[in-house]
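Based on the hints, put chain Z in the right spot on chain V.
Taken in order, these protein sequences are the chains called V and Z. Note that the working numbering gives residue 282 to position 282 of the first sequence, counting from 1, and the numbers run on in steps of one. Note that the working numbering gives residue 280 to position 280 of the second sequence, counting from 1, and the numbers run on in steps of one.
Please keep in mind that the hints were generated in silico from the structure rather than gathered at the bench. No residue lacks a Cβ here, since even glycine has one placed at the ideal position from N, Cα and C. All clues stand as given, with none of them false.
Residues from chain Z shown here face chain V by an in silico Cβ test under 10 angstroms; the list is partial:
{"#": "1", "residue": "Met-127"}
{"#": "2", "residue": "Ile-190"}
{"#": "3", "residue": "Leu-193"}
{"#": "4", "residue": "Pro-194"}
{"#": "5", "residue": "Ala-201"}
{"#": "6", "residue": "Phe-206"}
{"#": "7", "residue": "Lys-207"}
{"#": "8", "residue": "Asp-209"}
{"#": "9", "residue": "Thr-223"}
{"#": "10", "residue": "Ala-227"}
{"#": "11", "residue": "Arg-235"}
{"#": "12", "residue": "Pro-247"}
{"#": "13", "residue": "Ala-250"}
{"#": "14", "residue": "Arg-254"}
{"#": "15", "residue": "Arg-274"}
{"#": "16", "residue": "Tyr-286"}
Listed below are the residues making up each chain.
Number of protein chains: 2
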Amino acid sequence: MKPLSEMSLAVFGPGLLGGSLLLDARLHGVGELRVWGRREESLAQVRQRGLADVASTDAAAVAEGADLLVLCVPVGGMKALAEDIVQAKLGVDPVVTDVGSVKAAVVAGAGAVCRRAGLVFVGSHPMAGAETAGLGAARAGLFQGAACILTPEGDTDPAALAKVENFWQALGCRTAQMEAAHHDALVARISHLPHLAAVAATLASFKPDASMAQFAAGGLRDTTRVASGSPGMWREILLENRRAILPALADLHRATGELLEILEKADEDSLLARLEEAQQLRATRYS
Amino acid sequence: MKPLSEMSLAVFGPGLLGGSLLLDARLHGVGELRVWGRREESLAQVRQRGLADVASTDAAAVAEGADLLVLCVPVGGMKALAEDIVQAKLGVDPVVTDVGSVKAAVVAGAGAVCRRAGLVFVGSHPMAGAETAGLGAARAGLFQGAACILTPEGDTDPAALAKVENFWQALGCRTAQMEAAHHDALVARISHLPHLAAVAATLASFKPDASMAQFAAGGLRDTTRVASGSPGMWREILLENRRAILPALADLHRATGELLEILEKADEDSLLARLEEAQQLRATRYS
Numbered sequence: 001m002k003p004l005s006e007m008s009l010a011v012f013g014p015g016l017l018g019g020s021l022l023l024d025a026r027l028h029g030v031g032e033l034r035v036w037g038r039r040e041e042s043l044a045q046v047r048q049r050g051l052a053d054v055a056s057t058d059a060a061a062v063a064e065g066a067d068l069l070v071l072c073v074p075v076g077g078m079k080a081l082a083e084d085i086v087q088a089k090l091g092v093d094p095v096v097t098d099v100g101s102v103k104a105a106v107v108a109g110a111g112a113v114c115r116r117a118g119l120v121f122v123g124s125h126p127m128a129g130a131e132t133a134g135l136g137a138a139r140a141g142l143f144q145g146a147a148c149i150l151t152p153e154g155d156t157d158p159a160a161l162a163k164v165e166n167f168w169q170a171l172g173c174r175t176a177q178m179e180a181a182h183h184d185a186l187v188a189r190i191s192h193l194p195h196l197a198a199v200a201a202t203l204a205s206f207k208p209d210a211s212m213a214q215f216a217a218g219g220l221r222d223t224t225r226v227a228s229g230s231p232g233m234w235r236e237i238l239l240e241n242r243r244a245i246l247p248a249l250a251d252l253h254r255a256t257g258e259l260l261e262i263l264e265k266a267d268e269d270s271l272l273a274r275l276e277e278a279q280q281l282r283a284t285r286y287s
Numbered sequence: 001m002k003p004l005s006e007m008s009l010a011v012f013g014p015g016l017l018g019g020s021l022l023l024d025a026r027l028h029g030v031g032e033l034r035v036w037g038r039r040e041e042s043l044a045q046v047r048q049r050g051l052a053d054v055a056s057t058d059a060a061a062v063a064e065g066a067d068l069l070v071l072c073v074p075v076g077g078m079k080a081l082a083e084d085i086v087q088a089k090l091g092v093d094p095v096v097t098d099v100g101s102v103k104a105a106v107v108a109g110a111g112a113v114c115r116r117a118g119l120v121f122v123g124s125h126p127m128a129g130a131e132t133a134g135l136g137a138a139r140a141g142l143f144q145g146a147a148c149i150l151t152p153e154g155d156t157d158p159a160a161l162a163k164v165e166n167f168w169q170a171l172g173c174r175t176a177q178m179e180a181a182h183h184d185a186l187v188a189r190i191s192h193l194p195h196l197a198a199v200a201a202t203l204a205s206f207k208p209d210a211s212m213a214q215f216a217a218g219g220l221r222d223t224t225r226v227a228s229g230s231p232g233m234w235r236e237i238l239l240e241n242r243r244a245i246l247p248a249l250a251d252l253h254r255a256t257g258e259l260l261e262i263l264e265k266a267d268e269d270s271l272l273a274r275l276e277e278a279q280q281l282r283a284t285r286y287s
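This is chain V alone, in the form it adopts within the complex (with noise of 0.2 angstroms):
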């Protein structure tokens, strides 16, 4: 395998996780840096900031002789994306993966492309992120220590596979494999409900009186910090997971009833019970 010193890696689109890879990969030394985005004013952003060698809004153009593609686009925008790089004139085994939040829509759309192209695709996602978008969000070690799941196919090019696990755990990455599917249940649990609980209770805490929130502690903070996420985003993720989403968001539906059921009945043994069930639960993950 290349040293990252001697790959050429080509980032599609430029913003906060697409910008946060650039850097990180001239950090790292990387060989060459080859960036598509949509317009030019964030092309020219890119390299005012040094962070491309190649910079242009010709997908295919920018692909060509790439070692390593990464598709850093909304999870809507990949298959057309993908349909635009198989034009290219593309170097010896590359690799095609992306970051995207949702997987099996994306090995179907994206990586089918690329396979009927005769292009090894693996999907990434890369669980780093936050409530702020776009290039001026980017920074360098946005990846680190982060869990990075890869969703291989079972024919999927061993060396392929190795290629994208190396290149995130060079930056910094835990990575792990599963199925597209197991993937996308995992994260309506663990990223999409929790970002589903902190809109609604952003709805309940601050919607009668968003003033009294001015005397609020750091429970209100935390617990809504990421229903600040760009709304545009996230109704592309979570309608493209809705399937995976509804059985996790019913739950939450029933978590809230059963607690206001509790409280309305002042049951205290059974409050106690869903408190410390709680709190038990979270320290399985956090101390």
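Then chain Z, alone, in the frame of chain V:
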């Protein structure tokens, strides 16, 4: 008004809040620190950390000669503690306050006991805390920048109120005054509701397979953080303030139900509207 260096401060209950209060009081050069604890072991710790000039399990003995008495015990224990304290021979113009997170019940309980004994009581709620409890979690500066709500009654002596307000401000709190019932409705929305939302999110996210959480990023951690709080303490808070919490919790349950319905229908416009509304409401407090 006496300067802090001449003040005798009595703290009842050296837990997270009482202990942090003692640490701050020591740093600010409060003249005398008197500490009551239920158990000898916790008093031994207080003495060992140099946080008490007088430490005893006899509440009346600790109260003797104090200028400002702060009740830092669970809300359910405050009235009984006040009954012990009013037996003491107190100083000139002593004022009793507390740190309880509900106020109507405290004013009607411990407050009324003090009033009947001719002692001024002013309810306080410094909005600071942590998901950890006990003296071991106490730290100096815990109150810095926190809101502290005071709940004087119509006939509360202005000098007594000023004494309590100045004390909290000296510790770095932003103070505000409101009726006890208004306080309770407020904290139901901005503190108790986020707690219940975090508990519900923890149950729904972790329960099917807690091992999934190893892949989580900051969203799950922050949304569920307060669910690690002491189950016993939170049971008491939630039951003490249940009348004010019930309508807020009903709103949360409705919000989760509405999100579920929107996602079931894949209603893109309504989903975006709810996400935008939450983002905008949150932006009124957090940037």
